[in-house]
Amino acid sequence: MFELLGIPPQALFGQLLLGLINGSFYALLSLGLAVIFGLLNIINFSHGAQYMMGAFFAWMGLTYLGIPYWGALILVPIAVGATGVLLERLMISRLYHLDHLYGLLLTFGLALILQGLFRNQFGVSGLPYSIPSQLSGGQNLGFMFLPNYRAWVVLASLVVCFGTWFAIERTRLGAYLRAATENPTLVGAFGINVPRMITLTYGFGVALAAFAGVLAAPIYSVNPNMGADLIIVVFAVVVIGGMGSILGAILTGFGLGIVEGLTKVFYPEASSVAIFVIMAIVLLVKPAGLFGRAA
Amino acid sequence: MNFKTLTLAGLAAMLMAGSAMAVDIKLGVLNDRSGIYADLSGEGSVVAARMAIEDFDAAGKGINVEVISADHQNKPDVASTIARQWYDEEGVDVIVDVPTSSAALAVNEITREKGKIFLNSGAASTDLTGAQCAPGTAHWTYDTYALANGTGKAMVDSGYKNWYFLTADYAFGHSLEENTAKVVEASGGTVVGSVRHPFPGTDFSSFLLQAQASGADVIGLANAGGDTVNSIKQAAEFGITQAGQALAGLLIFITDVHALGLETAQGLVLTEAFYWDLNDDTRAWSERFSAEMGGSKPTMVHAGVYSAVTHYLKGVEASGDKATEGVMDWMKSNPSSDPVFGEGELRADGRHIHDMYLFQVKTPDESTGEWDYYKLLATIPAEAAFRPLEDGGCALVE
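Read top to bottom, the protein sequences are chains A and B.
Residue 90 is where the first sequence starts when you use this note's numbering, and the numbers rise one by one after that.
Residue 387 is where the second sequence starts when you use this note's numbering, and the numbers rise one by one after that.
Note that these hints are calculated values from the structure, not bench results.
Using N, Cα and C, we set each Cβ at its ideal position, and we do this for glycine too.
Be aware that a few hints might be false.
Partial list, computed: chain B residues near chain A (C-beta under 8 Å) [stated by the list, open to error]:
(1) Lys539
(2) Asp543
(3) Asp555
(4) Glu564
(5) Val581
(6) His583
(7) Leu595
(8) Ala599
(9) Gly612
(10) Asn616
(11) Phe624
(12) Thr627
(13) Asp642
(14) His644
(15) Ala645
(16) Leu646
Pairwise CB distance ranges (calculated) [stated by the list, open to error]:
(17) Asp410/B with Val366/A: 45 to 55 Å
(18) Phe255/A with Glu649/B: 32 to 42 Å
(19) Gly681/B with Phe251/A: 39 to 49 Å
(20) Gly226/A with Ala517/B: 42 to 52 Å
(21) Leu763/B with Leu373/A: 48 to 58 Å
(22) Ala734/B with Gly226/A: 51 to 61 Å
To spell it out: a stretch of chain A is covered by chain B in this simulated footprint if at least three of its residues, at any positions, have a beta carbon under 8 Å from a beta carbon of chain B; those stretches are [as the list claims (entries may be wrong)]:
(23) 209-220
(24) 230-240
(25) 299-310
(26) 315-321
(27) 348-356
Isolated chain A (complex conformation) (with noise of 0.2 Å):
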């Protein structure tokens, strides 16, 4: 039989697509990072815990309150996202004027409380959340059968992706963003209101997080680690992708997911070491990040 790289071109494509599937997750949360780094040079490692936040959020909704799938992906971002927006106001939007490692600290506490407190009111074992009616099943694609969710899961975090790289590269207010954090004092001069702009953004990039995590939900089970596991990976992607760089997370975040799931082909075992091992290469060879610019 036709046989590429020693495996059948099926398996491949199906390995191919599911990596497409998981790059889609790290390419919603490092484009939160890099959203928040970017803009507000905050190395946010309270990221996972925000993603977690998010899928816990979607449960609550549907168990006390009733709402449904679709009503949690607008209203969970948005509610997760405020708590973002007080978090910045109340703590991080003091931290700007020292050094980066004072926001890496806060934000890891503040993961690990929040992890603490879902952890002692939930349990580890998860909660069932279930594929919403309209997207249960799915396509045989004849290499793969191709679950209806897992493609709903990468239409919607391209299409997020790029609005988002859209609106900060290409639009007015992106223009006045990137403005903002190269001198805020000459912008805020224009009469712009620079430090309102800095919280929504803060706020903007925790409701990425919280997007991600209501997507991924259905698929993983709710559990208060769920984050922790992820947002190592995820600075992983972000630093291979340059901090900061809003293309770069995106891209890499999905070309990452490919490379890992042909590790899980290949070299099962290597799977969770393998974005590590291109992490080291990549600083080896370009400090700044594959499309970082050196500073």
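Once you have looked at the hints, place chain B on chain A.
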């Protein structure tokens, strides 16, 4: 006899009554308190240990037990550091629970070195009572042999002959895969392949598709906790079970079924040492446990901690002190009996023997309420459930 002598004599008598048996024991519950096994062991094991101490009326019998606990994070190096510190600096006499086979094997070695007692409930590796058996180690609740023998044999007997394994890549997964493969082959089945996934994992779809491509009748899940939950969830999502392949969860706890929901978990066949709804005793005990644990029912690991600590305390009472050799000798030469496991015995190799049960997860229609999850398919008698004494290669068995 004047008043003074009388008082002194009375005082002495009271002191002697008090000190007829004054043993101070420090019991350390070492398990996962934050990771993927925290619900199936974690704080529940501490609660179960305390319940055993209260039910035994240890304080009334002059045995003062202090319970401490720590999180080993499922890491063997963390587990050994804590165990060493507990034995050397904190005066811990007995370590209890220790899920995650790699961590349990590490604690086993340190316990042997220090001549202490290790009552394991949460780990599954048969090595604990085989090649690495130790004089102070009792392996209480279940092991990979019993799981394989229960679920593996039942599946082959119902016609699922060709197996593909999805295995967690550490000591426990390897041991479970190896034991199940032996049972499958001995029962007339074949193993067509296996894939080892990093522990803990999140996305199992790649591995599941490889399993599907193998064309096996059944995918054996040689993993546990959150890994098993996600594997089962994703197998349903990718239509693997609908397409005719069966899933065999080789180690599934009731907390996993709770996390999956009956819609996804229904029909799974699994092996357990304990279920809260077995009889009046288990129901009464589980109700007390639930009251302390915010409503969740005990797993077999929790029940095992209770049973093991109970038998250990009986051993301390009978031997009058906490010296390892005397207590272990008593524990091994006397049958165990408690409301959760019923009758059992502790073998020379440290394996605790009791009945195991083969359950099937109910459909949502069959379930009559919260935590009503299992129907009993078969009771596997103690002698048939566990690896025969002579097959383990334990040096303690003459």
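Against the structure, the hints come out as follows:
1. Lys539: violated, 27 Å
2. Asp543: For aspartate 543/B, the interface hint is violated, since the closest Cβ of chain A sits about 29 Å away, which is over 8 Å.
3. Asp555: Constraint on aspartate 555/B satisfied, holds at 5 Å.
4. Glu564: Given a least distance of 16 Å, the restraint on glutamate 564/B is violated.
5. Val581: holds, 5 Å
6. His583: Hint on histidine 583/B: holds, closest Cβ of chain A at ~6 Å, below 8 Å.
7. Leu595: Hint holds; leucine 595/B Cβ to chain A Cβ min 5 Å, cut 8 Å.
8. Ala599: holds, 6 Å
9. Gly612: holds, 6 Å
10. Asn616: For asparagine 616/B, the interface hint holds, since the closest Cβ of chain A sits about 6 Å away, which is under 8 Å.
11. Phe624: holds, 6 Å
12. Thr627: violated, 12 Å
13. Asp642: holds, 6 Å
14. His644: holds, 6 Å
15. Ala645: holds, 4 Å
16. Leu646: OK, holds: leucine 646/B within 8 Å of chain A, min 6 Å.
17. Asp410/B with Val366/A: 45 to 55 Å: About 52 Å separates the Cβ atoms of aspartate 410/B and valine 366/A, which means 45 to 55 Å holds.
18. Phe255/A with Glu649/B: 32 to 42 Å: holds, 40 Å
19. Gly681/B with Phe251/A: 39 to 49 Å: With Cβ atoms ~45 Å apart, the hint holds.
20. Gly226/A with Ala517/B: 42 to 52 Å: Cβ of glycine 226/A to Cβ of alanine 517/B: about 49 Å, so the range 42 to 52 Å holds.
21. Leu763/B with Leu373/A: 48 to 58 Å: holds, 57 Å
22. Ala734/B with Gly226/A: 51 to 61 Å: At 55 Å between Cβs, range holds.
23. 209-220: Coverage by chain B holds for the region 209-220 of chain A (8 residues, Cβ < 8 Å).
24. 230-240: holds (count 5)
25. 299-310: holds (count 3)
26. 315-321: Holds, because 3 residues of the region 315-321 of chain A bring their Cβ atoms closer than 8 Å to Cβ atoms of chain B.
27. 348-356: Satisfied; 3 residues make the cut.
Comparing the model with each numbered hint stated earlier shows that hints 1, 2, 4, 12 do not hold.
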